[in-house]
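Based on the hints, put chains B, C and D in the right spot on chain A.
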Amino acid sequence: MFLGLYNYWIVVVLMMIGFYIIIAHGNLVKKIVGLNIFQTSVFIFYISVSNIDGGTAPILAEGFNQYSNPLPHVLILTAIVVGIATTALGLALAMRIKEAYGSIEEEEIQQRVNREC
Amino acid sequence: MVLLGFLVCIAIAIVRLKDLFAVVMLSGIYGLLSASFFVTLDAVDVAFTEAAVGAGIATLLMLVTVTMTGRYEHSAHHNSIWALAVVLVTGVLLIYGTLDMPYFGSVDAPAQLHVAPRYINNSMQEIGVPNIVTSVLASYRGYDTLGEVVVIFTAGVGVLALLSAVHRPEKDDGIVSVNVSMHEKYLILRVVTKILIPFILLFALYVQFHGDYGPGGGFQAGVIFAAAIILYSMLFGMSTARRVISQPLIQLLSAIGVLVYGSVGVVSILNGGNFLDYNLLSDDPVAGQHLGILLVELGIGCTVTSVMVIIFFNFAGRTEDHMRNERKSA
Amino acid sequence: MDSVIEFSSALCLLIGSFLCLSGGVGILRFPDFYTRMHAVGVTDTLGAAMILIGLMLLRPENLVLFKLIMILLMTLFINPTASHALARAALHSGLLPLLHRKDKNIGAES
Amino acid sequence: MLAHLPILQVIVPLLAAPSCIILRRPGWVWLFALLVSGSAFLISIALLQQVMDSGVIVYELGGWEAPWGIEYRIDKLNAILGLIITGISTIVLLAAHTSIQEEIPEDRQTLFYVLYLLSLAGMLGIVTTGDAFNVFVFLEISSLSAYALIALGRDRRALWASYQYLIMGSIGATFILIGIGLMYQMTGTLNMEDLSRRLPEVAQTRTVFTAFAFLIVGICLKLALFPLHLWLPNAYAYAPSIVTAFLAATATKVALYLLIRFTYSVFGGSFSFTTLPLQTIFVVLGLLGVFAASITAIYQKNVKLLFAYSSVAQIGYMIVGYSINSTAGLTATLLHMFNHALMKGALFLALGAVMYRIGSVELRDFHGLGRQMPFTMAAIVVGSLSLIGVPLTVGFVSKWYLVLAAIENGWWPVAVLILLGSLLAIVYTWKIVEAAYFKAPQAGNEQVREAPLSFLIPVWMLVSANIYFGIDTRLSVQVATAAAQSLFGVGP
Chain A
1 MFLGLYNYWI VVVLMMIGFY IIIAHGNLVK KIVGLNIFQT SVFIFYISVS
51 NIDGGTAPIL AEGFNQYSNP LPHVLILTAI VVGIATTALG LALAMRIKEA
101 YGSIEEEEIQ QRVNREC
Chain B
1 MVLLGFLVCI AIAIVRLKDL FAVVMLSGIY GLLSASFFVT LDAVDVAFTE
51 AAVGAGIATL LMLVTVTMTG RYEHSAHHNS IWALAVVLVT GVLLIYGTLD
101 MPYFGSVDAP AQLHVAPRYI NNSMQEIGVP NIVTSVLASY RGYDTLGEVV
151 VIFTAGVGVL ALLSAVHRPE KDDGIVSVNV SMHEKYLILR VVTKILIPFI
201 LLFALYVQFH GDYGPGGGFQ AGVIFAAAII LYSMLFGMST ARRVISQPLI
251 QLLSAIGVLV YGSVGVVSIL NGGNFLDYNL LSDDPVAGQH LGILLVELGI
301 GCTVTSVMVI IFFNFAGRTE DHMRNERKSA
Chain C
1 MDSVIEFSSA LCLLIGSFLC LSGGVGILRF PDFYTRMHAV GVTDTLGAAM
51 ILIGLMLLRP ENLVLFKLIM ILLMTLFINP TASHALARAA LHSGLLPLLH
101 RKDKNIGAES
Chain D
1 MLAHLPILQV IVPLLAAPSC IILRRPGWVW LFALLVSGSA FLISIALLQQ
51 VMDSGVIVYE LGGWEAPWGI EYRIDKLNAI LGLIITGIST IVLLAAHTSI
101 QEEIPEDRQT LFYVLYLLSL AGMLGIVTTG DAFNVFVFLE ISSLSAYALI
151 ALGRDRRALW ASYQYLIMGS IGATFILIGI GLMYQMTGTL NMEDLSRRLP
201 EVAQTRTVFT AFAFLIVGIC LKLALFPLHL WLPNAYAYAP SIVTAFLAAT
251 ATKVALYLLI RFTYSVFGGS FSFTTLPLQT IFVVLGLLGV FAASITAIYQ
301 KNVKLLFAYS SVAQIGYMIV GYSINSTAGL TATLLHMFNH ALMKGALFLA
351 LGAVMYRIGS VELRDFHGLG RQMPFTMAAI VVGSLSLIGV PLTVGFVSKW
401 YLVLAAIENG WWPVAVLILL GSLLAIVYTW KIVEAAYFKA PQAGNEQVRE
451 APLSFLIPVW MLVSANIYFG IDTRLSVQVA TAAAQSLFGV GP
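Protein chains in written order, with the numbering used here: chain A, 1 to 117; chain B, 1 to 330; chain C, 1 to 110; chain D, 1 to 492.
Bound conformation, chain A alone (with noise of 0.2 Å):
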């Protein structure tokens, strides 16, 4: 009976490796990593929502009746877009950080935050 969702758990799997990533790894730019297999996997679920078996592509056309559900692709487009945006935003961040502190690990970063305080 769970065949029919085999396809949102290894999805589930690959949000969890991503999600760990962020959290776990101290260097900067590996999170930024780990942030974009996590909201990719959030997508690859979000695009899984829309299928339909026997669908197609959403382009209206003759001889197909069945079309995969339009809404969550545009959603989709749309989160790329913001993902991308923070991707951008978090590495020029981490460029800086380098730049004032020599370092993108987190636990260097944070003792001489300390040391300044």
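Be aware that one or more of the hints could be misleading.
[What the hints assert, rightly or not] Label-pair distances were calculated between CB atoms; the ranges are:
1. D:46 - B:16: 55 to 65 Å
2. D:443 - B:326: 35 to 45 Å
3. B:72 - D:46: 51 to 61 Å
4. B:245 - D:54: 48 to 58 Å
5. B:326 - D:108: 17 to 27 Å
Simulated from the structure, these hints should not be mistaken for laboratory data.
Just so it is clear, CB atoms sit at the ideal spot from N, CA and C, and this is done for glycine as well.
Quick look at chains B, C and D alone, frame taken from chain A:
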């Protein structure tokens, strides 16, 4: 199924690897694979965008960052047990949540029955564009897309505020001498690039204006356009590219893109409709919708191109400065 | 006529897939970076081209045909250039070909 | 034109932001931004009046009716929020020109105003929209601009604070995205009104339960509810003063609004408070937040950091009011949202004035400021009194309603704990008063003069609002009660 398996493998590899260069390349592959997965799930527009963004722009930006910040990650995972616990709890909650979901691909899921059918059945009469994704994106939920354009504009302004540095225009003979020395080194690449760039630009235009009928639209076209410019600046040097594309101009363009989108909405208010009601842009509602979508996509393309170029220029410029300073101090 | 075209397209597709596969095997089996590059760079270009030609034979619609030709041209341009750039970058960053390395070792021993 | 007010409120600042890039000159841009924010303020007053008179306003974007298109739906709750946000933003902008010239390099000033307007537009977009996904989009506009604004701070710790905020904020936003996706999967709609109609049918499924949990956690990350508050103090402390004044007064309120909107309007109060032990969790976390943050605040040596921790504590009070789950409790929360915006706006703006004059907000630099900057320090004292909850200030009004609501619900211990929390506020604000009035000025700080009028006027506008709404409570209480009643579906 196979693709999902690959995705899991790549994600685990990313967790294990310490070489950030490899991690970044793998994340690019992750983007490309998920794009292929989107194609198998019939989401061609999304796949197009994910391929352009996840495998293209995002990887590029990360590479630039990694060249500046150093290649290896060295700290051990200091709080991995806590992290694992949090992740496990969230994961279990999500799996628990999937148990009552409608099955994958089922025809009678609520998501297939409630709002979507109207888009599929009526968009041809109401908007007259075969690509349903385009009509939902630009018209039914056009306001979300305005928000999306503003998000990308915000990112551009944010990167400018964080990274922009005053670049003194270098002397011409300096550029020329660098160019000559680079010319021999990159001869093949340069020649091939020169051949390719017109085609890339042509393709971008095709994607921009064909978005009504096939996958594509302003966003994807903008990214491709920007890719052409970035390719050029990578091979012919930042300073040459900076002289071709002036910074103030490109900032202006990114603002104008948003304003074009917004003014379409304002015009429809002035014509007596609601914000972004394209029906009133022309006497015939369907023609109005066409016009509205065309203008809006132009606005998106304009902003996305210029923001991507702004982001790349500032990233690369900052990295160059940093390298130069390090060389000086060393 | 139809069956001839179909047969030749199938043949092209088969050859193309075989070439790609052999490239993949090459990547796994060859000893160093440059030979692997060679395996992939050469076979993949031809493999992809064969597959595209096979597809062109199958789909005679104008627009699709045009797109396929464009893809073919792009592949022909980009694949060798990319291999070239990769090999150059490797050489630039100091990775020596296997043979070269062996020579040097032998030279050092003798 | 009146019919278009809901959308104008958002798109005026939204489209003004790119126009700033065209204007270029920082001075003009400031004036332009001030005008824009002021007109948004006027629009929000008009909207509040309209809503109080005639009920909910619905505006269909693009002319597509609700579940298919996006609609703006303004009821009393979002009208109040719009008023708070635009009002604070306008007053803060009055002081911005002076402060920004000191704190931000010349070539970034225009970009600063662009980001500020984007942030404003983003928040207004969140509070006016009636579409769940649109919330996510505008949430990102406001947060992305907030990250960049915070990173503009002079101290290099601002960068680190901003990065941490970015990571936490993005996790929160992605959680919200997951929640919205799960809801969409079960109902097939994104419109809040439509969701609230269709959710009860599937309310007993595990999927909806998960969706609810993810939304709550995501929003609480943005809300900086204890123990998810770790990003907030540093972000507020090292941001430019203007940014702190603006964000501290508005950003968390917007997140709280989302929490109220999703629990009451979308899922419905009865679902929200029965499926999860939400009441217990929130009352415990709220009170823990009050105490932990207040005690941490006592040990701070940086006054901005001190007030930032106090913000976390105040969020605790709001959450306690919310968790009481009655009209009275919600009224208290809404009142406290309004009042806290006034207090923290005034306090952080006054700190901006101190920053402008002595370039630091360390506690030891406050020594002797009571005589050197009498008006600024008086403003800080009144703000602190309000924070403590002394009668005749707004702080008293909201605490009073909060305690009443707790007692009405039979939660005696909670009421006592709220009062105890106020005692802690006395301790940490006393430290500032002591430094400013009973210590001799630091060496090098003897020549400090009073802050310029461009600071004093907006600061005292907020301070007098603090006192005015503390004495004449009719207006604020009436509006808050009406909003709370409409959420519970009683009253007019």
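Hints versus structure:
1. For residue 46 of chain D and residue 16 of chain B, the Cβ-Cβ distance of about 59 Å falls inside the hinted range of 55 to 65 Å, so the restraint holds.
2. A hinted range of 35 to 45 Å for the beta carbons of residue 443 of chain D and residue 326 of chain B is consistent with their spacing of about 39 Å.
3. The given range of 51 to 61 Å is respected by residue 72 of chain B and residue 46 of chain D, whose C-beta atoms sit roughly 59 Å from each other.
4. Here the CB-CB span from residue 245 of chain B to residue 54 of chain D is close to 52 Å, well matched to the stated 48 to 58 Å.
5. Between residue 326 of chain B and residue 108 of chain D the Cβ separation comes to about 25 Å, which falls inside the hinted range of 17 to 27 Å.
Violated hints are absent here; each numbered hint is respected by the structure.
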